[in-house]
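Protein chains in written order, with our numbering: chain A, 1 to 499; chain B, 1 to 325; chain C, 1 to 327.
Partial list, derived from the structure: chain C residues whose beta carbon lies under 8 Å from chain B:
1) I132
2) G140
3) V308
Label-pair restraints from in silico Cβ distances:
4) L34/C with I185/B: 55 to 65 Å
5) K189/A with I115/B: 53 to 63 Å
6) Q131/A with F196/B: 22 to 32 Å
7) Q131/A with I189/B: 30 to 40 Å
Bear in mind the hints are in silico, worked out from the structure with no lab data behind them. For each residue, glycine too, the CB sits at the ideal point set by N, CA and C.
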Amino acid sequence: MKETEIVLEMKNVCKRFPGVQALDNVSFSCMRGEVHAIVGENGAGKSTLMKILSGAYIPDSGNILIEGNEVRIENPHQGQELGINIIYQEFNLIPYTDVAENIFIGRKPLNNLGLVDYKQMYRKAQQLMEQIGVNIDVKKWICELTVAEQQIVEIIKAVSFAAKIVIMDEPTSALSEEETQRLFQIIRKLQTQDITIIFISHRIKEIFEIADRVTVIKDGKTVVSKDINNLDETGLVRLMVGRELSKLYPEKNGKKGELLLSVRNLTRSGVFKDISFDIHRGEIIGLAGLVGAGRTEVARAIFGADQIDEGTIKFDESIIKIKNPKDAVTHGIGLIPEDRRQHGLVLCLSIRNNIVLSILNRIKRFLFTNRIKEKEICSDLIRQLEIKTHSSEVEVELLSGGNQQKVVLSKWLAVNPQLIIFDEPTRGIDVGAKAEIHRFMRELANKGAGILMISSELPEILGMSDRIVVMCEGEVIGIYEGESLTEETIMQAATGICI
Amino acid sequence: MESTFKEIFQKKNATRFLNRHSEIVVFFFLILMVFVAAKSTPLFLKPANLTNVMRQAASLGIVAIGQTIVILLAGTDLSVSAVATVSNVIAAVLMMGKDENILPAILVALLAGIIVGFLNGFFITKFSLPDFVVTLAIYSVVNGLMFVFTTGREVGSVSGKFMAFGSKDIFSIPITMYIWMGLTIFAVIFLQYTKFGRMIYEVGGNPESARLSGINTSLVRVVSYIICGVMAAISGLVLLSRLGVGYPLSGKELQLDSIIAVVIGGTSLNGGRGNLLGTVAGVLILSSLNNIFNLIGISTFMQIVIKGLIIIIVVVLRAMNEKNQ
Amino acid sequence: MHNFPIKLAGITGNNNNNQFKLFFQKYGSYATLLILFGVASILSPVFLTETNIFTMLRQATALGILAIGQTFVILAGGIDLSVGSLVSLTVVMVTSMYQFNDSQLIPVVTTILGIGALVGVTNGFFVTKFRIPPLVMTLGMLTLLQGLGLIYTKGVPQNTLTPLFRNLGLGKIWIVPIPVIFFAGVFVVALIILNYTNLGKYIYAVGGNPEASRLSGINIQFVTMMTYVICGICAVIAGFILAARIGVGDNWVGEGMNLESVAAVVIGGTSFSGGRGGVITTLAGVLILSILYNLLLLEGVVYFWQEVVKGIVILIGVIVYIRGKNR
Numbered sequence: 001m002k003e004t005e006i007v008l009e010m011k012n013v014c015k016r017f018p019g020v021q022a023l024d025n026v027s028f029s030c031m032r033g034e035v036h037a038i039v040g041e042n043g044a045g046k047s048t049l050m051k052i053l054s055g056a057y058i059p060d061s062g063n064i065l066i067e068g069n070e071v072r073i074e075n076p077h078q079g080q081e082l083g084i085n086i087i088y089q090e091f092n093l094i095p096y097t098d099v100a101e102n103i104f105i106g107r108k109p110l111n112n113l114g115l116v117d118y119k120q121m122y123r124k125a126q127q128l129m130e131q132i133g134v135n136i137d138v139k140k141w142i143c144e145l146t147v148a149e150q151q152i153v154e155i156i157k158a159v160s161f162a163a164k165i166v167i168m169d170e171p172t173s174a175l176s177e178e179e180t181q182r183l184f185q186i187i188r189k190l191q192t193q194d195i196t197i198i199f200i201s202h203r204i205k206e207i208f209e210i211a212d213r214v215t216v217i218k219d220g221k222t223v224v225s226k227d228i229n230n231l232d233e234t235g236l237v238r239l240m241v242g243r244e245l246s247k248l249y250p251e252k253n254g255k256k257g258e259l260l261l262s263v264r265n266l267t268r269s270g271v272f273k274d275i276s277f278d279i280h281r282g283e284i285i286g287l288a289g290l291v292g293a294g295r296t297e298v299a300r301a302i303f304g305a306d307q308i309d310e311g312t313i314k315f316d317e318s319i320i321k322i323k324n325p326k327d328a329v330t331h332g333i334g335l336i337p338e339d340r341r342q343h344g345l346v347l348c349l350s351i352r353n354n355i356v357l358s359i360l361n362r363i364k365r366f367l368f369t370n371r372i373k374e375k376e377i378c379s380d381l382i383r384q385l386e387i388k389t390h391s392s393e394v395e396v397e398l399l400s401g402g403n404q405q406k407v408v409l410s411k412w413l414a415v416n417p418q419l420i421i422f423d424e425p426t427r428g429i430d431v432g433a434k435a436e437i438h439r440f441m442r443e444l445a446n447k448g449a450g451i452l453m454i455s456s457e458l459p460e461i462l463g464m465s466d467r468i469v470v471m472c473e474g475e476v477i478g479i480y481e482g483e484s485l486t487e488e489t490i491m492q493a494a495t496g497i498c499i
Numbered sequence: 001m002e003s004t005f006k007e008i009f010q011k012k013n014a015t016r017f018l019n020r021h022s023e024i025v026v027f028f029f030l031i032l033m034v035f036v037a038a039k040s041t042p043l044f045l046k047p048a049n050l051t052n053v054m055r056q057a058a059s060l061g062i063v064a065i066g067q068t069i070v071i072l073l074a075g076t077d078l079s080v081s082a083v084a085t086v087s088n089v090i091a092a093v094l095m096m097g098k099d100e101n102i103l104p105a106i107l108v109a110l111l112a113g114i115i116v117g118f119l120n121g122f123f124i125t126k127f128s129l130p131d132f133v134v135t136l137a138i139y140s141v142v143n144g145l146m147f148v149f150t151t152g153r154e155v156g157s158v159s160g161k162f163m164a165f166g167s168k169d170i171f172s173i174p175i176t177m178y179i180w181m182g183l184t185i186f187a188v189i190f191l192q193y194t195k196f197g198r199m200i201y202e203v204g205g206n207p208e209s210a211r212l213s214g215i216n217t218s219l220v221r222v223v224s225y226i227i228c229g230v231m232a233a234i235s236g237l238v239l240l241s242r243l244g245v246g247y248p249l250s251g252k253e254l255q256l257d258s259i260i261a262v263v264i265g266g267t268s269l270n271g272g273r274g275n276l277l278g279t280v281a282g283v284l285i286l287s288s289l290n291n292i293f294n295l296i297g298i299s300t301f302m303q304i305v306i307k308g309l310i311i312i313i314v315v316v317l318r319a320m321n322e323k324n325q
Numbered sequence: 001m002h003n004f005p006i007k008l009a010g011i012t013g014n015n016n017n018n019q020f021k022l023f024f025q026k027y028g029s030y031a032t033l034l035i036l037f038g039v040a041s042i043l044s045p046v047f048l049t050e051t052n053i054f055t056m057l058r059q060a061t062a063l064g065i066l067a068i069g070q071t072f073v074i075l076a077g078g079i080d081l082s083v084g085s086l087v088s089l090t091v092v093m094v095t096s097m098y099q100f101n102d103s104q105l106i107p108v109v110t111t112i113l114g115i116g117a118l119v120g121v122t123n124g125f126f127v128t129k130f131r132i133p134p135l136v137m138t139l140g141m142l143t144l145l146q147g148l149g150l151i152y153t154k155g156v157p158q159n160t161l162t163p164l165f166r167n168l169g170l171g172k173i174w175i176v177p178i179p180v181i182f183f184a185g186v187f188v189v190a191l192i193i194l195n196y197t198n199l200g201k202y203i204y205a206v207g208g209n210p211e212a213s214r215l216s217g218i219n220i221q222f223v224t225m226m227t228y229v230i231c232g233i234c235a236v237i238a239g240f241i242l243a244a245r246i247g248v249g250d251n252w253v254g255e256g257m258n259l260e261s262v263a264a265v266v267i268g269g270t271s272f273s274g275g276r277g278g279v280i281t282t283l284a285g286v287l288i289l290s291i292l293y294n295l296l297l298l299e300g301v302v303y304f305w306q307e308v309v310k311g312i313v314i315l316i317g318v319i320v321y322i323r324g325k326n327r
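Chain A on its own, in the form it takes in the complex (with noise of 0.2 Å):
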C-alpha cells in the first residue's frame, strides 16, 4: 500500500426515509489502495449508504469528498465518472453476448470506416483480463460462464472506466471457497493499482482475510473505524450487535404443545442441504441466518412453492407430501411472503377478496360463492387485527404497508392454519403495527398454532422466538434456545464464523 492518501470522505452523512432514520451522521474516510470492509447486520444502512455513494440516492445532509473535493453524485453516471464503480448483487450483464462485448457497451472501438473494431476490442479487453490477472476466454457469452466468472466481468468492467473506487455489495455470498480466494487475488491485484476496494459483507471471516480497515454501522450510525489489526472475531461481531434487548416483545410461552411439524433431511440440490428441525404447537421457531443462507427457500420448500430433492415432511405425526400451495393450504399450512406485493396479495383486488381467496373453496353454495359468509369472515378480521379502513371493498393497493401486511395475515387467519411461515413479516413496517403484529402472533401460538418465523432483525428474532434455528450457506448450524439466546451466539453462529 502505498502512502496513505484519503481518495474517499464521507461526513455526517444522514438519509431519512418516511417512518425511518436510515443514516444517521455517518462519517468514515478510505485510503487509496485500502480494502475497506462495511460492516453491520442486515439493515443497519450498508446499503443506503452505498446507494448514496452510487448516485442512486441523494443524502438530506452531510458531505462526501473524493480526493479532498467535495461532489454532489446525483445519478450513476456522475458516480462513474467522478471514479465511483458498483458491483451489485444482481450483474448488469447481457446474456447472449460475448465478455468483450459487455465490457465495452455503448462504447466500442471503431476503425477508420466507423465500424465496429473488434479486433482492438478483443484485444484490449484480453489486457483488461491480464491487468487483473485473470483469464477469462472475452469471446465467450456471458451465459455460458458461472457466475464467479460474471462477477469479475462485473470487476473489469469498472476497471475499464479508470475506477478508483470499487464497492463491492456481498461479492462473496454466490461464490465457492475456491472462487472466493480467485477474487481475494484480484482485490489484490487491483489495490497494486492504487484502486480503493469497499467490501461490503457480513463474513467475518473473510473481513479478516482481505481488509485493511473495517467500518462498522449499527443501526444507521458509525461505532468505529479500526484497523483491522487492532480486533479479533468476537470483537467485531461484539461491535456489530451490541445494544440493550428491550421489552417490546410480548411475554413468551413456557409450555411446548404436541409436534406439529418435523421436517428431516431436506434438501434442494444447490440451495438447502439436510435441513431438520422441529416445531410443536404453541412455538414460535425463529430462522435466523444472513441473507442468502436458504431460510427462505426453506419455507417455500414446506409451503409447496418450489421443490424439495429429498427429505421428509411429517405432519401431524404423519408424512405428507406438499407438491403445490394448493397441498399445503389443504393440509392447513400458510405462508405469508417476503415481499407482500408481488406475492402476498393482488394488488388490484379488494380487501375482501384477497382475505377470502384462499377459501372461496370452502365456503361456497353450489357453484356460487358465498357473500354472507365472506363478508361476516372479512368484517371479523378487519377488526380483529385492526385494519385501518372503512370498508373492506377498498383496493389493498391504496394501503399503507402495514395494514397491508395484516391483509395478508388475515387471509392465512381464515385459513385457520395450524402451521403459519411469517417470511420477514415486519420489514418496511411502522413500530406501531409491527408491535400489533408481533401480539397477534404470540396469540396465534397461545391458541395452539405453530409458527415458523423468518427475519433478518436479530432484535425481533430474539424477542419472539421460544427457539431458535440459525441457518449458514443452506445448513442448519445449530438449534439454540433458553440461554443461549443472545445477540452474539446467534450472529456468530449465522456469520463468518461458521464458514
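The hints should help you fit chains B and C onto chain A, whose structure is shown.
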C-alpha cells in the same frame, strides 16, 4: 462473423459454436427439404421454377430483414403488410406509367415506410404500450385507409423500366433476389459491425442493463421500427414491379409469414439472440414450402393448415429449448 | 431485493381522488357511450328509430358474444386471436352439417360446441404448460383453424340450414330480435360467472397477480385454461348466430373479428395486464363500436373507413386506459 473460419476450426468447442449459430440447423433443414422436394417432383428443380421461388422469396425476405431487427428487440411488427400495401399503391399512383416518375414514386413510398415505422416506435416507447397492440392497430388504420383510397380495386400503373426490375433476370437470378441479398448483406454489416447494431442486441438481451449503461433504449426502438417500415416499403415496391399495378391486397401474407420466417430462422421472440442468416434460411424454407405445395397440388386450404401446424411446432420446440438453457 | 427500507406503500392520503379515478376507469366507457349516443341521435334523425336500434343490436350480437369470451381471457392476463377463425369454422360447419334436417340440431350444436371447447383447451394447454406467449399460440391456432375451415368446404360454401335455425338469427320475439336475447343470456351468464362464482374470483386474481394467486393455493393453470375454453365456446355461439343470419357457409366471415373483439374489450376498459375490468365494461365497448359503425352507415360513409376508425379507436382506447392505470 466475429471469428474467421480459421479460428472457428481451431476452437475445440463444437457445441458452443452450434449453440451460437443455430441457423446452421435451419440451413440443414432447408437442404433436407429441397432434397425431399426434388424427390417428390421433377418440376421443383426446373430453373424456371427455382427462379419463381426466388422471386417470391425476395419480397418476403426483404420484409423479414426488418422484422428480424424488431424481433431482436423482443417486439413484433404486425403492420408490415399494410406498409407494403401503402408503398405499392402510392408508388403505382404516383408513377402512372411514366419513367420520369420512378424516382419520386420510390421516394414517397419509402417516406411512407418511415412515417409508419416512426408512428409505431413512437406509440410503443412514449406510452409504453405493448408492441403487438400498437402495430396491429396501425395495421388496421393503414389498411383501411388503403381500401378507402383504392375502393378495393387496382390503381395506378408502372412504367416499363420499373417493370423490368421485377421481371428481368441476371444469370437467371431475378434482379429482386439481388436486391434482397444486397439488403441482407448491408443489414448483416449493420447488425454486426456498427455501434447501433450492437446496441440492438444489447437492448434486446437485457433492456434494463442497457439502459443503466447509458444506452438510449427508446431511440434504439424507434429507429428499429423505422427500419422495419422502410424494409416493408421496399418490399411493396418489389411487389409492385411484379404486379404492375397498385393493389390493396398485395402484401397480405407478409404479416404472418415474415414472423414465421424469422422464428424458424432461430431468432428468439424474447429478444437478444438470433441473426439474419437464420432468417434467410427461414424465408427460403417458407417460400420453397409454398412452391412445393403448389407443385404437388396441395390445396391452398391445406397449405394454411400446415403453416399453422408449423408455427405451433416450431414455437413449442423453441420454447422447450429455451427452457432447458 | 433485500433493501432496507423497501419502497413503502402509498400512505392513504387522498382517498377521494383515488376513488374518483377508479370510478372513471370502471365506468368511463359508459360516459363515452352516452355521449356517442347523444351525438348520433343529433346527427341522424333515423338513428333513434326502433328499426334502426334493433337492427344495430342484431348486428352487434356476434361481436358482443365474442367480446364477452375475449374478456375472460384478457382478464386472466392472456389474449385469444384465434376467435375469428373459430367463428368462421363454426359457420361453415353448421351450414353444411345441418342438412336441412331439424333433428340434427342437437347433435350438430353439441359437436361444434365440443370443438370450440377443444380449441380452447388446446390454446390453454400450450399457453400454460409450455409457456408459449398467448399471442403467438393463438395466431398459430388462427391459421390452423382458417385452413381447416377451407379444407372442410373445399372452397364451396354450403347452405343447408332450415328456416327454424335461421330464425335464430333473423327472427324476433315480440319486438326484440332473437340474437339480442341470446346475447343478453350470454351476458348474464358471464356476469354471474365473473361476479358470483369462485372461478370468477380466481380469474381476476390470476390476472391481477399470478404468483400471489399460486401462493394462495389457486391452480392457475386450470383457471387460465378455463378462460380459453369459455372463449372458444363463446366463439362457437357467436358463429351459430352469424350462420343463422347469413345462411351461407362463408369462410371469411370471422376475419376481422379477432381484432374487433379485442378492441371492444379494451375500449370498454378491461386492462391487458389482467385483473381489472369485466363484461359490464365490455358491453359498453361493444355498444360504442356498434354505434360508431351504425353512424357511419347512416351517414353514408364508405364501408372501408370502418377499418380506419377501428384502428384509431383501439389506439386511443389503449392509451387512455394505460394512462389511467399508471397513477
